[in-house]
Each structure stands twice: as structure tokens, then as C-alpha cells.
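S.K.: Sequence:
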Amino acid sequence: MSDDTLTISDRIQAQLDDLTRAERQLAHSILENYPASGLGPLSALAKDAQVSVPTVARMVQKLGFSGYPEFQLELREELKAKVKNPIAKHDTWAERAPSEHLLNRLTDAVIDNIRHTLGQIDPKDFDAACDLAADTSRHLYIVGGRVTHTLAEYLFLHMQVIRPKITHIQSTSNAWPHYLLDVKEGDIFIVFDMRRYENNTLKLAEMAHAKGAKLILFTDQWRSPVHHLADISFSSRIVIPSAWDSAVTPLLLLETMVSTVQNLTWGDTKDRMEALEDMFDQTKLFRKFT
39 MSDDTLTISD
49 RIQAQLDDLT
59 RAERQLAHSI
69 LENYPASGLG
79 PLSALAKDAQ
89 VSVPTVARMV
99 QKLGFSGYPE
109 FQLELREELK
119 AKVKNPIAKH
129 DTWAERAPSE
139 HLLNRLTDAV
149 IDNIRHTLGQ
159 IDPKDFDAAC
169 DLAADTSRHL
179 YIVGGRVTHT
189 LAEYLFLHMQ
199 VIRPKITHIQ
209 STSNAWPHYL
219 LDVKEGDIFI
229 VFDMRRYENN
239 TLKLAEMAHA
249 KGAKLILFTD
259 QWRSPVHHLA
269 DISFSSRIVI
279 PSAWDSAVTP
289 LLLLETMVST
299 VQNLTWGDTK
309 DRMEALEDMF
319 DQTKLFRKFT
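By this note's numbering, the letter at position 130 of the sequence shown is numbered 168, and the numbering carries on one by one without gaps.
Think of the hints as simulated: they come from the structure by calculation, not from any bench.
Be a bit skeptical, because a hint or two may be false.
Each computed DSS-like pair below joins lysine-lysine, with the alpha-carbon atoms no more than 25 angstroms apart [unchecked claim]: (1) LYS100 with LYS85; (2) LYS118 with LYS100; (3) LYS222 with LYS241; (4) LYS252 with LYS203; (5) LYS222 with LYS249; (6) LYS203 with LYS241; (7) LYS322 with LYS308; (8) LYS162 with LYS252; (9) LYS249 with LYS203; (10) LYS162 with LYS118; (11) LYS222 with LYS203; (12) LYS203 with LYS100; (13) LYS252 with LYS241.
This structure is a prediction, so every number in the text was calculated from the model and none was measured.
Kindly produce the complete structure, drawing on both the sequences and the hints.
M.R.: So, in C-alpha cells, the structure goes:
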């Protein structure tokens, strides 16, 4: 993967293990309020991170930039991409759309998104998230927003079969504070928040975090503000040649999580599935051809 396909966040995360203590401190400071954190003067960034000006200059070069101005230019481009609405996004790709069929171009973009996303995910983090989602001693809350509620509903529908003690919350509903009444320390929140991040989702996450809940976040390559509260965070690349962002990569992660949790709880899950199928038979919900 060439560097020009990576966000600055991607580059920082890929090099964290090779940074000095001061550079790592700077990296975490940049990511804390990314990408806005690097838009001010070099001296201001150094002061905020409590590192020296030469440390910032050295770090910028390690990330592949000739200097701080080039670094800032890239951040500004990322910020533009982060706040684009659907119309603006359509105009961006339509003007330079190549002649190949959209099916091929979109498929290529999705495959590239998947490869890049998987390259950035630590399997240990994914396994830890699945272990938490499979822990039936904890209540599991699944939270989606205006668009991401479709991903939340998909996960909820499957988890509802796999395990008990599960609740689906839509952060756009004015009823969501009621759900927080019963949240206990150690409960799990799986939160979906992608580009055009929602204030309700952030407030819900803040209140759940304050009650001692553990947060698993599914977000995009620029990362939701919920990121700084999350115990585990998964960033998916979502850009495709469309006015809309792609849900394919996060859906792949969800289907993998469903399969993993199902395997971890298979004894109880099998019993629940059999009971559910028996109810389906009694209701004659589905046609049978045998």
C-alpha cells in the first residue's frame, strides 16, 4: 500500500512501536484531537504535547513529510474529506471518474478498503472485543445513529439469538437516556459512529463511560470523537466512488464478530437457536418445502 493512500493517523499508528518516548507522547497528543490538533503553529503543537520543537520536526519527517507545512497541508485535506456532505463527495469523484464501469471501480475500492483496514487491526484487540461481547455476565448494549443504526440492528438481530441480556439503542431517539438507568459497571456498549459524527452518540458514550461501562467502537478512518473513551476501537476505510460512504468493511468486521461470539458460546447458543426454531415452527412464520 503506497503512503498516499494512508491517513496521517494510519502512519502514526503504524510507527508507534518505533517512536521514541517523546515522539510517542507527541503522537498520542496528535491523535487525541485528530486531525484538528496539527492545524496550528508548530510551536503550539509542541507546547500542547509538552515536547520540544525539534521533536515535532523529527516526527513529521519520520511520517514521510518534507516538513511541517506539507504535514499541515495533508491534515487540511483530511479535514475537508472528514466534513464533506453527500453532494460534495459526489462532485469530488464525478469530475474525475474514469471510463471503466462503476461496478469494477467500486469493487476495487471496497477490496482496497478491506485490505487496508485489516492491515491496521490487531487480532488481539478483535479477540478481546469478541470475548467481551460473549460475556453473558455483562449486559450488552448496541448503539447506532442516523445511518449506522442499520449496522447496529444487524448486529443486534444476530446477538439476540446468540446470547441473553442485550439491548438495542438508537442514539437519535430522545428515549435513550432511559436505557442508562440500568447500566452497571462492567456492562458492554458496542457503538457505531462514522463520518458526520453525532452529538447524541458522543453524549451517550460519555454517560455510559461515566457509569463504568466498557466501550467497543466501530468508526471510520478519521475516527469518531468517541474514540478517546473507547476501550477498543476499530477504524474502517469507507471511501468509495460514490456520494455515500461504504458499509462493506464494517459489515465484514461485524460478521466476523458474530461468528466468533457464536463459537465462544456455542453450547448455550445452540440451545437458544433450537428453541427459536421451535417457535418459528409453531407460528408458521416461514414456508417449508419438505
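S.K.: Next, verify each hint and record whether it holds.
M.R.: Results of checking the hints against the structure:
1. LYS100 with LYS85: 20 angstroms, holds
2. LYS118 with LYS100: 24 angstroms, holds
3. LYS222 with LYS241: Cα-Cα ~17 angstroms, so holds.
4. LYS252 with LYS203: Given pair LYS252, LYS203 holds - Cα atoms ~15 angstroms apart, limit 25 angstroms.
5. LYS222 with LYS249: The hint holds at about 7 angstroms.
6. LYS203 with LYS241: Holds, because 23 angstroms separates the two Cα atoms, which is no more than 25 angstroms.
7. LYS322 with LYS308: OK: LYS322 and LYS308 at ~21 angstroms, within 25 angstroms.
8. LYS162 with LYS252: Judged against 25 angstroms, a Cα distance of about 17 angstroms means the pair holds.
9. LYS249 with LYS203: 18 angstroms, holds
10. LYS162 with LYS118: The given pair, whose Cα atoms are some 33 angstroms apart, is violated under the 25 angstroms limit.
11. LYS222 with LYS203: Since the Cα atoms of LYS222 and LYS203 sit roughly 12 angstroms apart, the hinted pair holds (cutoff 25 angstroms).
12. LYS203 with LYS100: 47 angstroms, violated
13. LYS252 with LYS241: Holds - the C-alpha atoms of LYS241 and LYS252 are around 15 angstroms apart, at most 25 angstroms.
Against the hints set out earlier in the document, violations occur for numbers 10 and 12.
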